[in-house]
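What follows is the residue order along each chain.
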Amino acid sequence: MSSIDLTWVIGGPQGGGVETAANIFAGACAGCGLKVFGKREYYSNIKGEHSYFGVRVSDKIIRSNVSGITMLVGFDAETLFRHADEVFDDGAIVYESNLVAMQIDEVPTLDAQFKARLKKHLVSKNKPFTIQGLLDESKERGITLYPVSFKEILANLSDETKNPKIRGMFRMQNVLAVSVSIGLLGLPPETLLKSVGSIFSRKADIAEMNKIAANYAYNLATVKYSKFRYQLSQIPKEDHTMLVQGFQSTSLGKIACGCRFQSYYPITPASDESVFLESNEIFEVENNRPGSTLVVQTEDEISAIGMVIGSALTGTRSSTSTSGPGFSLMAEALGWAGINEVPIVITLYQRSGPSTGLPTRHGQDDLQFAIHAGHGDFPRIVYASGDTEEGFYDTAKCFNFADVYQIPVIHMMDKFIASTVSTVKRFDSTKITIERGKLLEKIGESGYQRFTPSPDGISPRSRLGLENGIFWNTGDESDEAGHISEDPENRIYKMDKRAHKLEVALEKIPKEDQATNYGISDFCILSWGSTKGPILDAIDMLKKEGLKVGFIQIKMLHPFPAQYIQSLLSGVKTIIDIEANQSGQMGSLLNEYLDRKVDYYILKYTGRPITCNEVFDSIKKIIDNKAEKKQVLTYGI
Amino acid sequence: MVSNVADYKTDVHNDWCPGCGDFGIVSAIQMALAEMEIPRHKAAVFSGVGCSGKTSHYLNTYGVHTLHGRVLPFSQGAKLANPEMTVVAVGGDGDGLGIGAGHFVAAGRRNVDMTYIIFNNGVYGLTKGQASPTLKLGLKTKSLPEPNVNQSVNPIALAIASGYTFVARGYAYDVRQLKDLIVAAVKHRGLSFLDVLQPCPTYNDINTRDWFSGMDNIDEMTNKPRPRIYKLEDTGYDAFVHIDSPDEENEKLTQALIKSNEWDSKIPTGIFYKNEIIAPYDERMSARIPNYLENPPAYQEISYAGKSLTDISKMLDALEI
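Chains as they are written, first to last, in numbering that gives the first Met the number 0: chain Z, 0 to 636; chain L, 0 to 320.
Isolated chain L, as found in the complex (with noise of 0.2 Å):
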């Protein structure tokens, strides 16, 4: 069965304000799922709330729109329950790094096999515009009354420190980039962040296109902009843990870690870190049930005719006098 993109699209008017960088993301996840072939009915789309929140009704698959801030559970919940599904949440800097923090950094100890991706703009676009946690501190976006305040939070980094095993940067404007991004994550062997940079043409005024394309910062010599992006791939970065050893884990953690901190002038895409040596969700439980891939929650068989088929004689016979 060859998948076509256009399989993966619904009807439904899309909302997002002209130029918007989300529109770029839903693409680089149609492509994704189209050329990885996976049936409409085996993936499911998780979205936060927010501008990002209305992505998995632009996706013709399973699309649940949750919760400010609680995509992970809710997607952690589903992916658990039926191990088959390709599992993608989806939402923005303030849904997953504000409000929904704790639950990002408490997926990253999990590792269940998904996918997170996370629209990064820097504001709260539908609320009009306050900083959200990855807002440089001393920036003053558009609708801001006064400059922010607060440090901004590292996704990169805090992905790292959070134990995710899979750990990359994406920019919407580059959606070929993006789809290799999507189908690396989903193909992980374990939780896969995707930290992707994600002008708001509305409200961020500051880290805007022009901005990421270095369009401030020209070249005197050539007359060309410098661009702040740049992909990780092209400098020989090598983001895998090849071996299972811990010189080999810090050396690549050390140094996904200093790649994550560059910003100003120069920012890095790609894949920052990845390790599939740490064993997914899955195979911890299976280590403690043995048939649960085999025989997942939302397959086991509960019933016959209305009547229970578990049979807990024995938790019951442990019980009588």
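Isolated chain Z, as found in the complex (with noise of 0.2 Å):
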């Protein structure tokens, strides 16, 4: 049997019920053992702008997005005129029949620079302004045509089930385009009934009444209609396989690790993480009594990282989670923390700057800043996870850095991840260590001293409420009490002492999880963060045709870890950027650090992310001697 690759996609008003559908489409490809990776866009809008969720299901492990659409579902005009031109020219549309008249100045949420762009396709095509001539020219195209039409689905259904209020009900739309899309794929009607059930667990009535709309609209596609071209088929399941979002992966693991303060002030996309962690923030400890996260809402981000910076200093593994512009107003505390050694770990979800840029949208724009983020030096780590599984064990070790250094942790994350939901492994708390460095539990009478001299730079740290153990901070220079000093020789030794703990821990984390080596080649990509998934994506395909790329993917960032990187690059001749911002950020700290420069860059900064399609594209150019040195990506809208 080939193999089984194919990405559905369906689009709506955001506050449509959208998620929910790709949700349960996802939930039951999964349950039929298929790998699953999807994605989430959406615009900066609580209802009625164009949202979508991509969901690329395979029978092989995928970890990227693909440029172009299998199966668009769109039961509004707007999915379809933004969406078709995706579609593959051997892939389906499944669409409201009732729609076919719509031209596109009707649709209001179609924003200008858009519109001029499908009309110049469709005067092209010698189409007219609406659906239908979009349509005439998918199916000139080779594409197959489904027309659906949902109200009238709902309205027999009111009328066989008796029950005049779901006539009404517009969102469970959602529901029948999923069972009409999973009946025609050709997967059983049970996991899709389970993933309904499980989707609304926590309302009985609306489950039921779902899985009838399901059902009904299930046999419906497979009576009616003939079977989609490509069919999904049932495999065996692998066990202990989840289906996570990105973000759930950073609150596992911190509440895996023993992280029990949590502040935030709520921002797009880091917001779900801490909503998480309130959702569940009670829990079982072993042979002990419940434990449980604080979480806090806060008035800004300063105050966030200010409540955690204070709990840090009891003992308590706390953290904040933020995206750039939060970020950026906790640039001053950062130092704090910085000067007085405290470990705290800052996740941080990265969308597009600057300023509030597209907040919705894809980034990895602020590196170069959570590097330099605050006045003057000092020292902290910047380590970057590449996926959702990678976020919850990686969680767990930037809390181990943050205490054996007693340093404050940036956790680079990103939208792409935090609004991913994939099938992966079921996350293993028992391969998760804690190493709490030389935090003291007792402390003898003889004269405590915070800043105590030490050779590895580190002193053994001290928490509010020990007896004994009185120390002070303050944000000014201090002594090794912690009082303010401005003594030259003084200022010498504390300047030097934190510094050095940053080259402490460049030797003492284990290479492997500096960076990760997948292969050295003569071609090598260096990357950072989520672009691993598209990267490995498109060196599985280059492979495919006989072509070997290397890729080293660099998760501690800072400090950065030269040497190690410039041996492993010692035998490649040309190394290639990929990264989503537009000044390769980590290509600069490449140029900046090794005794050579970067050869190629492929950058994409829309907002959108990278699609292993475009990697393997524009790595072949440069294999083919034929791209620029700097390659633009653009696909997606």
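Honestly, I wouldn't trust all of these hints.
What the hints assert, rightly or not - With a straight-line cut-off of 25 Å between C-alpha atoms, the simulated DSS-like cross-links for lysine-lysine are:
#1 L:Lys306 - Z:Lys510
#2 Z:Lys437 - L:Lys306
#3 Z:Lys625 - Z:Lys572
#4 Z:Lys510 - Z:Lys547
#5 Z:Lys547 - Z:Lys619
#6 Z:Lys441 - L:Lys41
#7 Z:Lys572 - Z:Lys629
#8 L:Lys306 - Z:Lys441
#9 L:Lys265 - L:Lys230
#10 Z:Lys543 - Z:Lys572
#11 Z:Lys124 - Z:Lys138
#12 Z:Lys226 - Z:Lys59
#13 L:Lys230 - L:Lys251
#14 Z:Lys430 - Z:Lys510
#15 Z:Lys424 - L:Lys306
#16 Z:Lys441 - L:Lys8
#17 L:Lys306 - Z:Lys430
#18 Z:Lys164 - Z:Lys210
#19 Z:Lys430 - L:Lys313
#20 Z:Lys547 - Z:Lys628
#21 Z:Lys507 - L:Lys306
#22 L:Lys313 - Z:Lys424
#23 Z:Lys202 - L:Lys313
#24 Z:Lys543 - Z:Lys620
#25 Z:Lys161 - Z:Lys202
#26 Z:Lys437 - L:Lys41
#27 Z:Lys236 - Z:Lys59
#28 L:Lys313 - Z:Lys236
#29 L:Lys313 - Z:Lys193
#30 L:Lys127 - L:Lys139
Claimed, not checked - With the C-beta cut set under 10 Å, the calculated list includes, among others, these residues of chain L facing chain Z:
#31 Val11
#32 His67
#33 Met84
#34 Pro289
No lab work stands behind these hints: they were computed from the structure. It should be emphasised that the depicted structure is a prediction, and the values quoted were computed from it without experimental measurement. Note that the Cβ used here is the ideal one computed from N, Cα and C, for glycine as well.
Reassemble the complex: the two chains are provided individually, in unrelated frames, and hints are given to aid placement.
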């Protein structure tokens, strides 16, 4: 049997249940043992603007999105106008049949730039500016059309079940659309119904009604329409597979590794993590009382990091989660944590900047800022995860780094990971270690000093409330006890002491935690963070064409593991930097720290994640010696 | 254990200007801690930035000298993570009511069981005397090139409007009363706010010690000054909300606001408002997390021999397919 790999996209107005639909679809596929990789795209808006959810399904490992759509589902005109062009020639469009007469100008949420592009396209195909025109053009390309009247289904269902309420439940169109799709794609109804049940598990009556609707639409699809060209089928399910949203990885990592205090200010896409923590604030602790995470919503991000520091001073593992604008506000306090050697973790879910930027879109724009945020020289660790699974385990590592080196740690995540829904192997807490470094449990009566000298620069750490452990902290430079000191010799001692911790960190943190080596080749990709998935998928695609490309994923961006990376690159002829930002921020680090320069840049800053096809195409261009030094990727709307 | 005031003093050289009102405040804090016999390691004093920011270094308890305007976030975080600590936050009026005003308001909404003391002198001393948020409109203190063009903020009224459940005012040169107010503030269940009038001898040449004592306003009959400062308690003022009723609360809030507006000739000190009917933050938390106070964040066991003790299996089960 040939491999299955298709992308199903559902769109609709924000607030209309698109996410629910996609989760049901993903759950139904995952329930059949298939691998799922889904991503959500939405505007900065509560209701009405276009949002869509793409779910890629395969029987093999998938780690990214592809350029293009195999099956598009739209029960509103905008979804069709926006995405029909992306559907592969052998793909399908499932659409609300009542929409065919809709004109481009009748959709108020289509922006002028997009409308102009679409009209130009339709003019070139000699088609009218209507859904019908668009569908005709699609059909000519070979696309299979599935007209479905979701409104009619609702009406019929309402009559048959003698439930007049159903007629007006337009949100249920989502469930109908998913169910029709699952029917056309040939998956069994059982997993679909199970998925519907689990999505609505908190509301039994709604779950029941949706299951009836799902079953009805599924049967209709299998009876009324011919099967789609590509069929999904059940495969043996791997044990302990979870369907996880990216932000849940760092939340679960925090709970598992003992973070007990999280403060935050609402911001997209970071606050989902805090909300998850609050929803799961009480949990079991082995041989002990129930544990809990205190989640505090603050008045702003300055307060969020201030509270985190205050909490960390009590010996509590503490963190905040934020995005670019919020992190900007935290810069001053970050320096305070640095000068006072307070272990805190900031989970930085990056999005597109500058300023408010593209607030709901992806970007890896904040690497250089994370490395340099705050005035004055002080040490911090900047650590980046590449996907959901890494998010869980790396969270625990970040807390260890913070505790061991008594340092602020910035854990780089991003919107792409945050809103990815994917099948991953069940997280294993037993693989997590908890290292609290020199945190003291007890102190004798002999004159404790917080910043007492130590060869590794790391002093034994007391905590507020500990007897005989009194210390002082100040944002001023301070002496060993923590009192203000402007003495020049003390200044050198303290500055060097703090800076030395980074040298120790670089020496002690295992190389495999600093960077992941996926193979070295003449052509070698260097990257960081969520580009990992599309790069690995593209490398597989290149391999099929007999092309070998190396890849080093740098995880510790600061302190930069220059020697290690340098040693890995010794046999490499061409360095390719791939990042989701405009300036090649990691590339600048390579140019700064290595004795050679980046040869090619592949960059994307549209706010949409990089697809594996984009990486594949641009690497091929480089190998074929047809590439510009800098390639800018554009796929996705 | 009988505590000694001296136990709460450090040997750090105090570099405040001679005659500074801050000396009286730091003494009152030391006396209050001694009187309450709070073990030194169970108290943490957080300070903002400015002259008053140095307070934490002069107190022999845990001392955290934070950032300008941010003393409330730092101190609330510590108190929430370790509710066993006695937490006192201190800072200047510019710190708390200028750059930190947002935190000042938000803290009132939470009602965390701790104390906040503002050293109120009308100027930014450490940056050479610029007008602070409490300086009255039109006043031209010593180092201002022009008279102050901004209205002053009323700290007592702002605290009451923000939800502080204990609001009082002290005077830095009446250390005994101030000590009593600090004791009452610390013992209060909820967030207590203390506005301390603290003349800056170097930069505020208008609201001086002599001015507060009424030296510019001599009674011709007795030839004695008419002091501006008076004590609310001497007037039979009742600051307490005794019963859980909107009428009672409105009455006590209103009288406190009216009193807070007194200034030029008569300046009240003492407790303006006290309400222990409103639940402090820890009670609100305990309603959600029943063992929050018994097993707070700072004392939770998280690992044994480097392994996690937390059982997240139920959360993972819910995500399994």
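| Hints the structure fails to honour | Result: no hint breaks.
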